[in-house]
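Enquirer: Take these sequences, add in the hints, and give me the full structure.
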Amino acid sequence: MTESILNSAILLTLLGIVSALILYVVSKKFYVYENPLISEVEDLLPAANCAGCGFPGCRSFAEKLVNTDDISDLFCPVGGNEVMKLVSDALGKEVAEKDPTVAVVRCQGSCDVRPKTTEYQGPRSCAISALIYSGETDCQYGCLGDGDCVVACKFDAMYMDETTGLPVVITDKCTSCGMCVDACPRDIIEMRPKHKRDLKIFVGCLNEEKGGIAKRACSVACIGCSKCLDVCPKEAIVIENNLAYIDPAYCTLCRKCVPVCPTHSIIETNFPPRKEKKAEAKATAKVESIKPQNDA
Amino acid sequence: MLKTFPKGGIHPSENKITSAKPIKRLPLPKVVYVPISQHIGIPAEIVVDRKDKVEIGQVIAKSGGYVSSNIHSPVAGTVTKLDKIVDTRGYKKQCIVIRSDVKNESNFQENEYPLKEEISLQQEEILKRISEYGIVGLGGATFPSHVKLQVKKDKLLDCLIVNGVECEPFLTADHRLMLEKGKEILVGIRILMYALQIDRAIIGIENNKKDAIDLFRSLTSGASGIQIAALQVKYPQGGEKQLIRALLKREVPKNGLPMDVGVVVHNVGTVFAIYQAIQHNRPLMERVVTVTGKKLNDPSNFWVKIGTPVKDLLDAVGGVPEDTRKIVSGGPMMGKALKNTDVPVTKGTSGILVISEDEASRGEPKNCIRCGECVDVCPMGLEPHLLMNLSEKGMYEKAIEEDILTCIECGSCSYVCPSHRPLLDYIRFGKSIGKQLESNK
Numbered sequence: 001m002t003e004s005i006l007n008s009a010i011l012l013t014l015l016g017i018v019s020a021l022i023l024y025v026v027s028k029k030f031y032v033y034e035n036p037l038i039s040e041v042e043d044l045l046p047a048a049n050c051a052g053c054g055f056p057g058c059r060s061f062a063e064k065l066v067n068t069d070d071i072s073d074l075f076c077p078v079g080g081n082e083v084m085k086l087v088s089d090a091l092g093k094e095v096a097e098k099d100p101t102v103a104v105v106r107c108q109g110s111c112d113v114r115p116k117t118t119e120y121q122g123p124r125s126c127a128i129s130a131l132i133y134s135g136e137t138d139c140q141y142g143c144l145g146d147g148d149c150v151v152a153c154k155f156d157a158m159y160m161d162e163t164t165g166l167p168v169v170i171t172d173k174c175t176s177c178g179m180c181v182d183a184c185p186r187d188i189i190e191m192r193p194k195h196k197r198d199l200k201i202f203v204g205c206l207n208e209e210k211g212g213i214a215k216r217a218c219s220v221a222c223i224g225c226s227k228c229l230d231v232c233p234k235e236a237i238v239i240e241n242n243l244a245y246i247d248p249a250y251c252t253l254c255r256k257c258v259p260v261c262p263t264h265s266i267i268e269t270n271f272p273p274r275k276e277k278k279a280e281a282k283a284t285a286k287v288e289s290i291k292p293q294n295d296a
Numbered sequence: 297m298l299k300t301f302p303k304g305g306i307h308p309s310e311n312k313i314t315s316a317k318p319i320k321r322l323p324l325p326k327v328v329y330v331p332i333s334q335h336i337g338i339p340a341e342i343v344v345d346r347k348d349k350v351e352i353g354q355v356i357a358k359s360g361g362y363v364s365s366n367i368h369s370p371v372a373g374t375v376t377k378l379d380k381i382v383d384t385r386g387y388k389k390q391c392i393v394i395r396s397d398v399k400n401e402s403n404f405q406e407n408e409y410p411l412k413e414e415i416s417l418q419q420e421e422i423l424k425r426i427s428e429y430g431i432v433g434l435g436g437a438t439f440p441s442h443v444k445l446q447v448k449k450d451k452l453l454d455c456l457i458v459n460g461v462e463c464e465p466f467l468t469a470d471h472r473l474m475l476e477k478g479k480e481i482l483v484g485i486r487i488l489m490y491a492l493q494i495d496r497a498i499i500g501i502e503n504n505k506k507d508a509i510d511l512f513r514s515l516t517s518g519a520s521g522i523q524i525a526a527l528q529v530k531y532p533q534g535g536e537k538q539l540i541r542a543l544l545k546r547e548v549p550k551n552g553l554p555m556d557v558g559v560v561v562h563n564v565g566t567v568f569a570i571y572q573a574i575q576h577n578r579p580l581m582e583r584v585v586t587v588t589g590k591k592l593n594d595p596s597n598f599w600v601k602i603g604t605p606v607k608d609l610l611d612a613v614g615g616v617p618e619d620t621r622k623i624v625s626g627g628p629m630m631g632k633a634l635k636n637t638d639v640p641v642t643k644g645t646s647g648i649l650v651i652s653e654d655e656a657s658r659g660e661p662k663n664c665i666r667c668g669e670c671v672d673v674c675p676m677g678l679e680p681h682l683l684m685n686l687s688e689k690g691m692y693e694k695a696i697e698e699d700i701l702t703c704i705e706c707g708s709c710s711y712v713c714p715s716h717r718p719l720l721d722y723i724r725f726g727k728s729i730g731k732q733l734e735s736n737k
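Order-wise, the sequence lines are chains A and B.
Under the numbering used here, read the first sequence as residues 1 to 296, first letter to last.
Under the numbering used here, read the second sequence as residues 297 to 737, first letter to last.
Don't take every hint at face value.
As the list claims (entries may be wrong) - Pairwise CB distance ranges (calculated): (1) A/254 with B/354: 34 to 44 angstroms; (2) A/110 with B/347: 33 to 43 angstroms; (3) A/118 with B/307: 25 to 35 angstroms; (4) A/156 with B/374: 51 to 61 angstroms; (5) A/110 with B/697: 35 to 45 angstroms; (6) A/256 with B/347: 38 to 48 angstroms; (7) B/735 with A/156: 33 to 43 angstroms; (8) B/735 with A/170: 53 to 63 angstroms; (9) B/347 with A/70: 56 to 66 angstroms; (10) B/737 with A/37: 32 to 42 angstroms; (11) B/576 with A/110: 37 to 47 angstroms; (12) B/347 with A/270: 27 to 37 angstroms; (13) B/449 with A/33: 57 to 67 angstroms; (14) B/658 with A/39: 46 to 56 angstroms.
To be verified - Far from chain A, by Cβ distances over 10 angstroms, these chain B residues were calculated: (15) 321; (16) 382; (17) 386; (18) 454; (19) 476; (20) 636; (21) 665; (22) 672; (23) 702; (24) 721.
Stated by the list, open to error - Some chain B residues near chain A, calculated using beta-carbon distances under 10 angstroms: (25) 353; (26) 383; (27) 387; (28) 634; (29) 658; (30) 718.
Quick caveat, the hints were computed from the structure, so don't treat them as lab data.
Ideal Cβ placement from N, Cα and C applies to all residues, glycine included.
Expert: Spelled out as structure tokens, the structure:
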């Protein structure tokens, strides 16, 4: 009895020693030098592996950061300026500084403003339904409501609002990795600067139809009337194909365009409520200034 | 024993309720909407402008490249707009809007001409005219016919197949055309045989159209070279590759064309259009459309001018019943449900099918039970359940390896699936991504 225990114990010990020797020799013989900086930089990165930087994962991004001399056009959107600063300190290279961005959904076509005209029974996926149809409503530009962006988001920063049928971005969780932008077949989601306190102004519509047709399909559609263009003091608004676009590079968040929009298609977020009197006075002034023109 | 293709196929209930109804002429539409992309390939380029007066048969959009086709005005009238109008998928597409002139007599001229048998044109002239007169495949794929007739030097053709199969349930457009224009179709076949320099042609007709088979047999008795083949009733026998396999036992290679096995296939509708173009100088401006549905008052077959809105056709059969759920352009198997009825009839519209509430429901998808029904019925020998899984999970490269690109989208797999899985939806999606990947290579 004791003999068999002893035999196996000796055998196993010998096996262990022999294997350890082989492993030691192999690891010395076939050693591959790797820049220790790569692991160091990888530890600094957020380890989200979201591919928002354009590389398959944080490791490959770290390799790229270490191996290229000019890294000013590389940026980790999830870590933002903080992480890039750390990377810059570790590598001693210049990095670009970017304003933090956040995903916005440029469609307000909820069930009550954008009536359904047809019914779709196929698989619930935006990519598939966009291939077969222009959607259940008459708007061929708006949200299809099947939630491919929510599925694509790896940070739980999006959900589908059940009453409106539209996706919502939780801005605190959004890392602006851009996966939802790629997933949307209609290019509805855009990355826009986050600003302080997450103040944003953008046109919540992508409909390029002429005013009447757009309005018939959706009551909050941009009709390309160019009223916002007229009031904008910074020339930040461009109107192309009957559709307004607010260029975030020029927009100073003055909010003048929001009340003049006749279809309420310009969205403002996280601003304090307006002073009522001022807004009313402005609105009446606008009406007066338009009226004589109409008569003439 | 009737001929058929060996692998797969299904037999849905035929429902050919309009097969005894002669083709009627639809009243002149007030306005026609002529899309510039009615064929596979590059869209045509518009050559008319607003307020231009156009004659019937005048070229209004010129072919945009080699795989493209001219488009002719189906009516005499005035171009009112160059506008965008929804296509069957609901996306806006460029089209030419023409208001027809009710005083112009040419609008009311019918395409009834005395039969003209002798072929006076030379071979090259025939090919040139087919390309100029906007002839495309009228079976549904709308592939420009002149491209099919340009035979490469190294290919040896020995047989012309004329496709009178019409395997889709409900549709009877080709069937009626064969019965009413049999002699003209035979002349068309002779024109094609002359143009391609081949001395053998087979007309393939499914056995549920016995009257057409008998008619052609009596017309061709004594004539050499043209053979009539009765085929077993099976869907999708009208598919080019299936038909070649059934008639000649030749297999078209993967990524290959019928030309590679010495065959050219044309639909009977196309052959008739070619007859009219060559013998009577008429470009392709109208086609036969079956308007059908179990609950319609008077389902019929019509001669319809290209560009006529679908709602005009529905009015002509006594309106749409109350409980209509879907209106499909094409047959029930491969047709596309319409987004709205303003959609115009194009060169590829073979039928308008009205489906009621109780026929249209699509079952709730459940898990795959691995029964293998889809594999049994796939006429291309694919594994639809596997392809669906691969494209659902985004494994497009693997799906290409599994030959997703050879799928003919016949829908047999979705038809038989006992779990109501949306097989074709996912396969079509995977196929579109696969095509993009292939073209990027």
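Enquirer: With reference to the structure, classify each hint as holding or not holding.
Expert: For each hint, the structure was consulted:
1. Between residue 254 of chain A and residue 354 of chain B the Cβ separation comes to about 56 angstroms, which falls outside the hinted range of 34 to 44 angstroms.
2. Range check, residue 110 of chain A to residue 347 of chain B: Cβ separation about 42 angstroms, and the 33 to 43 angstroms hint holds.
3. Between residue 118 of chain A and residue 307 of chain B the beta carbons are some 31 angstroms apart, a value that agrees with the proposed interval 25 to 35 angstroms.
4. At roughly 59 angstroms, the beta carbons of residue 156 of chain A and residue 374 of chain B sit within the given window of 51 to 61 angstroms.
5. Look at residue 110 of chain A against residue 697 of chain B: about 43 angstroms separates their beta carbons, and that is inside 35 to 45 angstroms.
6. Separated by about 42 angstroms at the C-beta atoms, residue 256 of chain A and residue 347 of chain B satisfy the suggested range of 38 to 48 angstroms.
7. Separation of residue 735 of chain B from residue 156 of chain A is about 36 angstroms and conforms to the stated range, judged on CB atoms against 33 to 43 angstroms.
8. Between residue 735 of chain B and residue 170 of chain A the beta carbons are some 38 angstroms apart, a value that contradicts the proposed interval 53 to 63 angstroms.
9. Range check, residue 347 of chain B to residue 70 of chain A: about 59 angstroms between beta-carbon atoms, so the 56 to 66 angstroms window is met.
10. In this structure, residue 737 of chain B and residue 37 of chain A meet the distance hint of 32 to 42 angstroms, their C-beta atoms being roughly 36 angstroms apart.
11. A hinted range of 37 to 47 angstroms is violated for the C-beta pair residue 576 of chain B and residue 110 of chain A, which are about 56 angstroms apart.
12. Judged by the Cβ atoms, the range 27 to 37 angstroms given for residue 347 of chain B and residue 270 of chain A is violated: they are separated by roughly 52 angstroms.
13. Checked against the hint of 57 to 67 angstroms, the C-beta distance between residue 449 of chain B and residue 33 of chain A comes to roughly 60 angstroms, which is consistent with it.
14. Between residue 658 of chain B and residue 39 of chain A the beta carbon distance is about 53 angstroms. The supplied range of 46 to 56 angstroms therefore holds.
15. Against the 10 angstroms criterion, residue 321 of chain B stays outside the reach of chain A, whose nearest CB is about 31 angstroms from its own CB.
16. Separation of residue 382 of chain B from chain A is inadequate, the least Cβ-Cβ distance of about 7 angstroms not exceeding the 10 angstroms criterion.
17. Its beta-carbon lying about 3 angstroms from the closest one in chain A, residue 386 of chain B breaks the requirement of being farther than 10 angstroms from that chain.
18. Every C-beta of chain A lies more than 10 angstroms from that of residue 454 of chain B, the closest at about 39 angstroms, which supports listing it as non-interface.
19. At the 10 angstroms boundary, the C-beta of residue 476 of chain B stays outside the reach of chain A, the nearest C-beta of that chain being 35 angstroms off.
20. A Cβ of chain A approaches the Cβ of residue 636 of chain B within 10 angstroms, the least distance being about 7 angstroms, so the stated non-interface status is violated.
21. For residue 665 of chain B, the shortest C-beta to C-beta distance to chain A comes to about 18 angstroms, beyond the 10 angstroms cut-off, and the non-interface label holds.
22. For residue 672 of chain B, the shortest C-beta to C-beta distance to chain A comes to about 23 angstroms, beyond the 10 angstroms cut-off, and the non-interface label holds.
23. With a least CB separation of 19 angstroms from chain A, residue 702 of chain B remains clear of the 10 angstroms interface cut-off, as annotated.
24. Separation of residue 721 of chain B from chain A is inadequate, the least Cβ-Cβ distance of about 5 angstroms not exceeding the 10 angstroms criterion.
25. Contact between residue 353 of chain B and chain A, as hinted, is not supported at the beta carbon level, the nearest pair being about 32 angstroms apart and thus beyond 10 angstroms.
26. Here the hint on residue 383 of chain B is kept, as its CB sits about 9 angstroms from the closest CB of chain A, short of 10 angstroms.
27. Nearest Cβ of chain A to the Cβ of residue 387 of chain B: about 5 angstroms, under the 10 angstroms cut. The hint holds.
28. Hint on residue 634 of chain B holds. Least Cβ distance to chain A is approximately 9 angstroms, under the 10 angstroms limit.
29. At its closest, the beta carbon of residue 658 of chain B sits 5 angstroms from a beta carbon of chain A; the interface hint therefore holds under the 10 angstroms criterion.
30. Taking 10 angstroms as the C-beta cut-off, the interface hint given for residue 718 of chain B holds, the closest approach to chain A being about 5 angstroms.
Taken one by one, the earlier hints fail for this structure at numbers 1, 8, 11, 12, 16, 17, 20, 24 and 25, listed in ascending order.
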